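S.K.: Here is what each chain is made of, one letter per residue.
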Amino acid sequence: MLNIRDLKIELLRGDQAELLFQLDELTVGKGEVVTLMGPSGVGKSTLLRWVLGEPLVNFRIQGQLSLNGEDISGKSIAQRQLGMMFQKGGLFPHLTIEENCLFAQKPRSNLHRIEQKERALTMLKTLGLDDKWAVYPDSLSGGQYARVALLCSLLAEPQAMLLDEPFSSLDAGLREDVRQWTFALLQEREIPTLLVTHDIADACGREIEMRGENVNV
Amino acid sequence: MVRALSIAVWLLLIILPVGSGVLFLLLTSLDAKTGVSLAAFSELLLGYESILSSFALAVVAPFVACYLALLMAPGILRKPRLQQLLSPLLSIPHVAFAVGLMLLMSPSGWLVRLVEAISGLFPVPPASWPLPEKFLVTVIIVLTLKELPFLLLMISAQLKQLPVKSWLVQAQSYGYSERQAWWRIVTPELLRRMTLPMAAVIIYSLSVVDIPLLVGSNTPAVLAQRVYEWTFQFAANSQIKAMTGAWVLLVMALLLLLMNSKHSVLYRRLVLGKRAVTPGRLNSDKASRYAWGFLGFLSFGVITVLALQSLASSWFYPNLWPAALSPERWQTEWSYLLEPTVHSFWLALLSAITGTIAAMVLLQRQRQKAVKSFYWPVLIALLIPQVPLVLGWQRVLGQQLTEGWQLWWVFWSHAVYTLPYAYLVLHGAYTSFNEQWLIRAQSLGYSARAAWWRVMLPMLKQPVAIAFAVAFSVSIAQYLPTQWLGQGATPTLTTEAVSVASGGDWRIGSLYALLQMLLPLLVFIAVGGIRKGSYAEHS
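As you go down the protein sequences, you meet chains U and Z in turn.
Position one of the first sequence corresponds to residue 1 (my numbering), numbered consecutively onward.
Position one of the second sequence corresponds to residue 1001 (my numbering), numbered consecutively onward.
Looking at chain Z on its own, in the form it has when it is part of the complex (with noise of 0.2 Å):
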């Protein structure tokens, strides 16, 4: 049963879909009128900063994290409790943590008006804030922010595998101090074990296209906001280059996703080659603690600061506090919220379902064939761009979109996202559960189906309750495929956040970005009180 099950899951979330996104797009960009074009494909290259925006976007926001990550994951090994941090901060949607940075960083925002409070500096916001609203820098910031947790949770269930703290004290034997061995000896480890979950980070900074629609410059915008923008103009023009403009992200994934594969060897190499060893300027242990502080005092800042945003009847700058507070723009605007939170809380519920049983149903099946390794082809939809790749469907289905089943095909896309994220987050719990829990269970009389659910499952609730609650945010953040396939029949909380916010209107967008944030909290919170009989606790 597992076999065909499995099967299925192949079938319906990973083959059909990749294939399909991309063989359409291909057969589509032979098209005559609308295909891909020359001229298209030069004027692109002519107008290189949108390419070379995309390609900035792409390395330096996930590579800065990775490092950040990297500097902080100590933190994890000395303090274990500080991974119950990455939960709120991971259930944060990419979307509402832009709005709640803005209006906590931007120009106007509260720390510039606590500086102006306190030293009457900025008596009208600073016209060169390193901090624009609409500007590259600002998406780079927000997607490094919001990729370091994901990072960091990918990081410490690594260390979860490896005697890390064994490899620490036999390097500190050979004469090396604590932080020089684990910039050497297992940061190169954790950098291979990480080039799969980096890989989805890169491959999301490109082709992200709410966040450049949020905080992105317009002159030029990143190529994906491009294509985005592109495919909703009608003229032929503008079709072949959305269509050409989508070949060109497929062609930088690929130069990417061969970068970061040298990325580890090219560490390993640098650091293992590297004589003197004496003690770095950076002290990255004070280092690791400012940026747990500031990671900690941000998720902090952005709810607080969303949460008052959205009751303020009136915060003009530079007010450091709102006049007065009242529910009234929640009263007056909840007719318009009330259908993106069904329609975002019923995606996001069904595709968490259906992503973890399927994560789930896939690992059962690799450890009936006993292979333990991290099966890549399950990520193949995080490796291919989304602009490309949704642009694929949206083509074979065609009129299945205006025939009423939009919301069946959201949710199927949502789904195709969330199976990845929940493997992800399983692989190691799942793969390494001792088989004598369940071998015990059957010598008492079980049969190998009730062993699992009455001992395996239970056992694992925990890294199964996470993984629900990570595919859940993963739905509940889905920008472009509710857009594309939904066209406009399914409005979420993403889709509305961006909408409004991107219109400059912060106070409405704080609305939505709140609820999109409460709802994946929720899950967390909920999921935080899953401890008992887990297996961490048994192992």
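Chain U on its own, in the form it takes in the complex (with noise of 0.2 Å):
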């Protein structure tokens, strides 16, 4: 369960700070998958961005942040076993799919290689890219590189996942296939899902409209 509360974000222009928003109090359940949605500029990747850990310095953040009733405000991103797949990237183009997929494993899984090299081989089967075991993911096409970045970031074991307008480069036809098969896993694995969009069509589970300075949730 991921639960964010008393979050205040102001920007900051020299000395002056202006209030981009603030919101009481956001819980996201096992499984459940929270949509923020809002016009540019309003801070939903902020929040995000803030939630993964990133330094943001040209804000001024003040809010609590709890994963599964442990306060993680102040852990680095390594320690926050968060996963995040956002709009662009997600697999590192210099190295191959096996590569990405034992890169992303190794900090955590207590698994031999072998072991952690069949586990990635048996999820990309179920998606019928085994046979891209080899290559680099400048290769994959936007549907398979969108399945297997997500494919990397559930390897390294996250408690929440934070995905940021994680569809938008795809085309209209493989979209809407992408967007359920990915909120499917999360919900079948009871992954937390915070998700960051402005397009209505993207948008899954609870809908949370940012508009203004207070969050209503």
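Honestly, the hints are just simulated from the structure, not real lab data.
What you are looking at is a predicted structure, and each value in this text was computed from that prediction instead of being measured.
Each hint should be verified, as a subset may be incorrect.
With a straight-line Cα cutoff of 27 Å, these simulated DSS-like cross-link-like pairs (lysine-lysine) come out [to be verified]:
1. Lys75/U x Lys1262/Z
2. Lys75/U x Lys1286/Z
3. Lys132/U x Lys1262/Z
Join the two chains, each given in its own frame, into one complex according to the hints.
M.R.: Take a look at the structure:
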């Protein structure tokens, strides 16, 4: 369960601080998907990057963040165990799919290297992409890329997922297909998911509209 | 027109110099009287210390510099302003740097004097000081420290082309620390992209002559230095040895290039195959900060100590400061300094302009052909050791070099070396220039040529100016082509600094070294002023 409390995000412009928005409390339960909607510049991505633990130099942010009851506000990105899937990237372009999959598992998995390999291959097989094992990400199609990127994030055993416009680079035909597959997989694994988008078609689960300074949940 | 110009650049500055140099070396090697001989070859192998020293120099200095640069590079990500420190460092030519470093760190250098002044430990210069004046380790340290800013500049150019920050965040979301993410994800890719700059640095270290002449050991000297010295001995035996030594250098270069090509693959295999993810003992963030501080201190120290020494009327050991400062030495030496300064300035100016324009012609041709990748044959002159290559030119030109054309041939040889460096510096900015700007200008009614002059060139003026400044300092630092093709008729600050300082006169040497450093430094300072309207600000 992911919980955000008393969050206040301000944008710093020189000595001035401009309030972007504040949020009293937001809880994302097990297997639940919460969609934050709103126009560009409202602070959706900033919220997501703060949850991830990225240092944000031009912002002043106050708030508490807990994951499964544990306060993780002071933890580094590596310690938070949050998976991410952003609009661009997700797979390291200079590593093969195999290397990407193994790289994602190494820090947290207790499995032996061969078992890690088998686990990744099994997941790839369910997608029918096991023949892409040795290729580089640039040879994947848009849909294949998005699926393998999510798969790598899941191999890192996240306790919650953060998605920032994850489908916006896909063409219309693929988009719905990948969207359904992604949410089904996340719900099946009971992973709390926070999704940020400006496109209603991408939304899923509980929807929260971000407009103005106060966000009502 | 660009096509015709690019063919001319290829012919005059790449194919002809490299082709003729290597071909003529090959032909003269077969000469029965002065060609390569088996006896000379086995003699060289028997005196293997020279080969080993050369090998150690060409491996240790570049690779230590490379990993130091990788350790320091995250600093550039955090504080991009650190890049500004690279310019003055790059502008210090190797020879000036070596002279300054000796004045700072040799057994009778300023640091030992400082220790003596504080503790009274060294009433006389220490005999077992780790940085003696004539020692292979000293050469390695000088080359490492001088290659470091160049590699940092190359890495910072690559960092701008990679989404490094998002890679680091992504890897951290998998559970890696930022430091681990740097060494495991960013470094393998950087090393792959650094293969060519590293090759240039390795080959330079293998064939460098001026630094070993200044601070290297003579017992035995590195192979490049010995070949250089043999060519000045007119006995047939020495000529045979020089020719054979040149070929040994070529073979060593091949081996080293092969080794370098496997470097990134080996690193990647080691680091991605490594299971444990425990943080290393070395706190690389702290080490990186110390390294930047040390580099800053060193460049400031080198410039200060050179300036002080040039103005010191007397400065005997163990005095921390000169007894008095006076411009007397400048006044007495000025008549000797003027000619090399003028030669250095004009050679550097003309060859840097030529090299930069030639690099732009080649890059423009690449844009026309929509080829963005790095075209390595442009760097071929940097991938062949200078000793055999320039020896080949010397043999090809023969009589031409004694008929008053020396200055032009020296200019041409400098341009051969300024082109690849200008290309290295300009490549990223030029090939990634957004075509939309040109299209927008043309939509306003400008011709393609006018759009290039009015939009592209002004927007790229900063990288072009930096390429010019780097090319300028490359020309200033050229020793071997100036010495061999100039035949003594084109003394420059570099050739004079080496001949004065290698004789042990650091005081007079400091004048030449200071001037040798000041010329490129002034160019770098002028270039630093060109910021407004650069592509970096528009993108």
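S.K.: Does each hint fit the structure? Answer for all of them.
M.R.: Status of the hints after comparison with the structure:
Taking the CA atoms of Lys75/U and Lys1262/Z, the gap is near 39 Å; set against the 27 Å cutoff, the hint is violated. Restraint check: the Cα-Cα separation between Lys75/U and Lys1286/Z comes to about 21 Å, which is no more than 27 Å; the hinted pair holds. Restraint check: the Cα-Cα separation between Lys132/U and Lys1262/Z comes to about 25 Å, which is no more than 27 Å; the hinted pair holds.
Against the hints set out earlier in the document, a violation occurs for number 1 only.
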